[in-house]
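Number of protein chains: 2
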Amino acid sequence: MFVSESMYELGSKRSAIRELFEYGKKRAAIVGAENVYDFSLGNPTVPAPDCVNETIRELTQSLDSISLHGYTSAQGDLETRQAIADYLNNTYETNFKADNLYMTMGAAASLSIAFKALTSSPDDEIIAIAPFFPEYRVFVTAAGAKFNVVAPDTKNFQINFDEFEKLVNKNTKAVIINSPNNPSGAVYSEQTIKKLADFLSKKSEEYGTHIFIITDEPYREIVYDGVEVPYVTKYYNDTIVCYSYSKSLSLPGERIGFILVPDEAYESKKLYAAVCGAGRALGYVCAPSLFQKVIAKCVGQTGDVNLYKKNRDLLYDGLTELGYECFKPDGAFYMFVKALESDAENFCEKAKEEDLLLVAATDFGCPGYVRISYCVDEDMIKRSFKAFKALKEKYAK
Amino acid sequence: MFVSESMYELGSKRSAIRELFEYGKKRAAIVGAENVYDFSLGNPTVPAPDCVNETIRELTQSLDSISLHGYTSAQGDLETRQAIADYLNNTYETNFKADNLYMTMGAAASLSIAFKALTSSPDDEIIAIAPFFPEYRVFVTAAGAKFNVVAPDTKNFQINFDEFEKLVNKNTKAVIINSPNNPSGAVYSEQTIKKLADFLSKKSEEYGTHIFIITDEPYREIVYDGVEVPYVTKYYNDTIVCYSYSKSLSLPGERIGFILVPDEAYESKKLYAAVCGAGRALGYVCAPSLFQKVIAKCVGQTGDVNLYKKNRDLLYDGLTELGYECFKPDGAFYMFVKALESDAENFCEKAKEEDLLLVAATDFGCPGYVRISYCVDEDMIKRSFKAFKALKEKYAK
Chain A
0 MFVSESMYEL
10 GSKRSAIREL
20 FEYGKKRAAI
30 VGAENVYDFS
40 LGNPTVPAPD
50 CVNETIRELT
60 QSLDSISLHG
70 YTSAQGDLET
80 RQAIADYLNN
90 TYETNFKADN
100 LYMTMGAAAS
110 LSIAFKALTS
120 SPDDEIIAIA
130 PFFPEYRVFV
140 TAAGAKFNVV
150 APDTKNFQIN
160 FDEFEKLVNK
170 NTKAVIINSP
180 NNPSGAVYSE
190 QTIKKLADFL
200 SKKSEEYGTH
210 IFIITDEPYR
220 EIVYDGVEVP
230 YVTKYYNDTI
240 VCYSYSKSLS
250 LPGERIGFIL
260 VPDEAYESKK
270 LYAAVCGAGR
280 ALGYVCAPSL
290 FQKVIAKCVG
300 QTGDVNLYKK
310 NRDLLYDGLT
320 ELGYECFKPD
330 GAFYMFVKAL
340 ESDAENFCEK
350 AKEEDLLLVA
360 ATDFGCPGYV
370 RISYCVDEDM
380 IKRSFKAFKA
390 LKEKYAK
Chain B
0 MFVSESMYEL
10 GSKRSAIREL
20 FEYGKKRAAI
30 VGAENVYDFS
40 LGNPTVPAPD
50 CVNETIRELT
60 QSLDSISLHG
70 YTSAQGDLET
80 RQAIADYLNN
90 TYETNFKADN
100 LYMTMGAAAS
110 LSIAFKALTS
120 SPDDEIIAIA
130 PFFPEYRVFV
140 TAAGAKFNVV
150 APDTKNFQIN
160 FDEFEKLVNK
170 NTKAVIINSP
180 NNPSGAVYSE
190 QTIKKLADFL
200 SKKSEEYGTH
210 IFIITDEPYR
220 EIVYDGVEVP
230 YVTKYYNDTI
240 VCYSYSKSLS
250 LPGERIGFIL
260 VPDEAYESKK
270 LYAAVCGAGR
280 ALGYVCAPSL
290 FQKVIAKCVG
300 QTGDVNLYKK
310 NRDLLYDGLT
320 ELGYECFKPD
330 GAFYMFVKAL
340 ESDAENFCEK
350 AKEEDLLLVA
360 ATDFGCPGYV
370 RISYCVDEDM
380 IKRSFKAFKA
390 LKEKYAK
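Top line first, the protein sequences correspond to chains A and B. Under numbering that gives the first Met the number 0, the first residue of the first sequence carries the number 0, and numbering increases by one thereafter. Under numbering that gives the first Met the number 0, the first residue of the second sequence carries the number 0, and numbering increases by one thereafter.
Hints were generated in silico from the structure; no laboratory data involved. Beta carbons are placed, not taken as given, at the ideal position from N, Cα and C, and that holds for glycine. Worth double-checking, as some hints may not be accurate.
[Stated by the list, open to error] Straight-line alpha carbon distances no greater than 25 Å define the calculated DSS-like cross-link-like pairs of lysine-lysine that follow:
id, chain 1, residue 1, chain 2, residue 2
1, A, 96, B, 269
2, B, 327, B, 308
3, A, 12, B, 269
4, B, 96, A, 25
5, A, 24, B, 96
6, A, 96, B, 24
[Claimed, not checked] Pairwise CB distance ranges, derived in the manner of DEER restraints:
id, chain 1, residue 1, chain 2, residue 2, range
7, A, 88, B, 348, 49 to 59 Å
8, A, 14, B, 154, 48 to 58 Å
9, B, 303, A, 13, 24 to 34 Å
10, B, 88, A, 389, 44 to 54 Å
11, B, 394, A, 122, 31 to 41 Å
12, A, 265, B, 96, 43 to 53 Å
13, B, 170, A, 376, 52 to 62 Å
14, B, 226, A, 22, 19 to 29 Å
Work the whole structure out from these sequences, hints included.
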């Protein structure tokens with residue numbers, strides 16, 4: 000083929016989620032938008048905190064054009080990195096410095112850069128824990144490493160260590176974790192993180208290697224009922240934090256986030272240099288300048304997480320009452336529901352007949368489940384129950 | 000090594016240009032900023048046109064947060080792409096549609112994506128024409144292709160076709176051109192583009208392949224004295240345009256640009272799909288949303304190019320009068336000057352003794368020359384002549 004076959008495939012295979020979304024728009028035109036219940040997309044529905052647009056307006060008035068829109072250093076504005084380090088240190092009792100941080104264009108960039116920095120041989124393996132965000136496979140493969148998946152713990156959606164054990168070997172370069180989790184909404188407990196740290200320390204020692212944790216945490220601040228999300232660097236030295244402001248500040252289109260390489264990580268200076276190199280090789284010159292400055296001002300703020308919590312409670316109570324088996328999420332804005340048959344795709348097709356748009360979790364590494372995004376309008380959730388009821392009744396026959 | 004060796008090297012080897020810049024800041028602290036003549040960096044010094052900040056403020060007031068800062072489609076906002084297509088069609092009498100365009104995070108992203116999309120085998124070769132922007136080598140190598148360089152035409156800084164001929168073979172996937180050129184400031188004439196098109200058509204036919212032109216043109220609008228920059232798609236079908244608003248709108252830190260795949264290109268739908276796939280694989284989710292909307296409004300505007308022209312004339316006249324052999328640039332904001340000895344690095348060291356910071360063009364593929372960036376303060380140019388004079392006199396002894 001005259002172009003890269005794998006790139007062509009990636010670009011021409013439409014995402015199932017996006018297709019569902021497009022289908023929903025078509026159905027809305029036929030049956031009316033109020034009669035379509037689209038739970039497919041994970042787009043924040045809570046507005047950015049006022050600080051964001053206020054800071055943007057202020058900066059366009061107070062700062063000269065060159066300082067505002069010019070190149071920053073490749074690592075990112077010192078002031079921004081310092082503000083983030085200060086916020087993290089105050090919040091998690093850590094000891095980060097500005098130089099532990101590398102600003103990126105959101106979580107996808109953070110992950111792509113981290114995988115590229117770590118992959119030193121085609122034998123390298125990177126492990127994800129099901130259920131997992133499907134683009135991990137794309138980014139790991141693009142970085143030239145092998146992608147392995149730990150089968151899910153469908154009871155608590157923590158980590159299935161028995162399955163994990165089978166996959167770790169001397170080629171294991173890193174494990175990617177995502178808590179609060181997309182798609183399950185689970186938050187890894189402190190116990191899970193401690194067990195993971197012990198497990199990887201033991202394995203690293205066994206193989207004479209350093210197995211890194213790459214912790215992907217765009218949903219860190221979106222948690223309910225005071226649940227705590229342990230800061231992983233405090234439990235395991237060889238940790239790389241990948242963060243994005245897409246969800247916490249509701250800025251998914253602006254592409255702003257960071258990679259954090261703590262001093263405690265093995266050869267952290269070398270690792271940080273490899274991160275800088277990978278960012279450069281992938282064509283990331285610097286994270287968007289204006290939004291770096293917005294972060295310096297708004298770090299630590301979030302949109303109104305309570306709106307998501309209200310939706311979660313509404314949906315969880317409603318579906319449970321209808322007899323669905325739901326995993327009650329502690330964070331993020333997804334609910335994991337067991338399909339009413341083993342073939343989740345088929346279940347989703349039947350849901351579609353009721354104009355209920357759900358995503359089968361097969362691509363997330365968790366067959367038999369569906370993901371319901373509840374970052375939607377509250378009224379839509381209320382209206383959807385009659386469709387969920389009808390769907391349930393189909394299986395009662 | 001526990002990290003990727005090549006990424007580590009890329010990240011730890013500081014760019015010579017940036018080192019020079021840091022050196023300049025240190026010297027300024029010692030001898031006074033007014034006595035250091037830093038011609039090293041290619042940062043726009045002309046402010047963004049008013050439209051940019053006005054549009055930003057307006058959007059933060061008129062558009063809801065989700066529409067303003069939310070994900071756009073991976074290709075980019077339809078409205079933005081349509082506005083760009085309309086502008087190009089009106090300006091260059093072309094026939095582009097929104098679907099020919101893919102929004103990117105600036106030129107580095109455009110190029111990285113284009114190289115990744117095209118590279119289908121490790122035997123693939125991509126050719127640059129000296130003098131060339133050194134990061135091309137980084138991006139081509141990262142995409143997995145071989146990087147070859149055509150020796151320069153140091154008379155007119157057009158294309159040395161005799162040298163070019165030697166490098167083209169059945170593995171040649173693409174040729175990257177950059178006009179107006181960084182570092183020479185040359186603009187490829189219509190005659191050059193026609194000759195290039197003929198040459199590549201002939202070669203493609205000879206090998207039964209399609210050799211693409213990748214045209215990197217962030218300086219397209221920065222030209223002087225009415226010089227025209229031919230729109231390459233009108234001369235050669237298999238063209239991929241990589242554009243960035245970094246220079247025309249003075250927005251280098253915001254990372255916004257596009258890739259254009261014309262319908263006339265071989266299997267253009269497949270090529271466009273491969274571009275989308277490469278964007279996805281490299282972790283580019285969408286170009287920054289707010290700035291996509293700014294582009295929709297401000298496309299076609301530029302900062303005040305006359306300020307660069309004034310600098311060019313001042314510098315060219317001054318240096319020529321002092322006896323330097325300069326290539327008079329028709330565009331961009333760089334001037335190419337012949338070093339006063341064959342070793343340009345050594346010449347730059349001697350310049351440094353006069354606190355004149357010039358960049359040796361060896362890494363640009365053009366030994367014996369230096370690049371002088373004149374996107375600087377006009378007064379600095381005036382003050383610098385005494386240092387240029389002293390430098391000249393060193394060689395007169």
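Tested hints:
Straight-line distance between C-alpha atoms of residue 96 of chain A and residue 269 of chain B comes to about 46 Å, which puts the hinted pair past the 25 Å bound. Among the hinted pairs, residue 327 of chain B with residue 308 of chain B is consistent with the structure: their alpha-carbon atoms are about 11 Å apart, no more than 25 Å. Between residue 12 of chain A and residue 269 of chain B, the direct Cα distance comes to roughly 12 Å. Compliance with the 25 Å bound is thereby established for this hinted pair. Restraint check for residue 96 of chain B and residue 25 of chain A: the C-alpha separation of about 23 Å stays at or below 25 Å, so the hint holds.
A hinted pair counts as satisfied when its Cα atoms are at most 25 Å apart, and residue 24 of chain A with residue 96 of chain B qualifies at roughly 23 Å. Pair hint residue 96 of chain A plus residue 24 of chain B holds up; C-alpha atoms about 23 Å apart against a cutoff of 25 Å. Distance hint for residue 88 of chain A and residue 348 of chain B: a CB-CB separation of about 43 Å, inconsistent with the stated range 49 to 59 Å. For the hinted restraint 48 to 58 Å between residue 14 of chain A and residue 154 of chain B, the CB-CB distance of approximately 52 Å keeps it satisfied.
Range check, residue 303 of chain B to residue 13 of chain A: Cβ separation about 44 Å, and the 24 to 34 Å hint is violated. Residue 88 of chain B and residue 389 of chain A have their C-beta atoms about 50 Å apart, which keeps the hinted 44 to 54 Å range intact. The hinted range of 31 to 41 Å is not satisfied by residue 394 of chain B and residue 122 of chain A, whose Cβ atoms lie roughly 55 Å apart. Distance hint check for residue 265 of chain A and residue 96 of chain B: the Cβ-Cβ separation is about 51 Å, which falls inside the suggested range of 43 to 53 Å.
Checked against the hint of 52 to 62 Å, the C-beta distance between residue 170 of chain B and residue 376 of chain A comes to roughly 55 Å, which is consistent with it. Hint check: residue 226 of chain B to residue 22 of chain A, Cβ distance near 51 Å, so the stated range 19 to 29 Å is violated.
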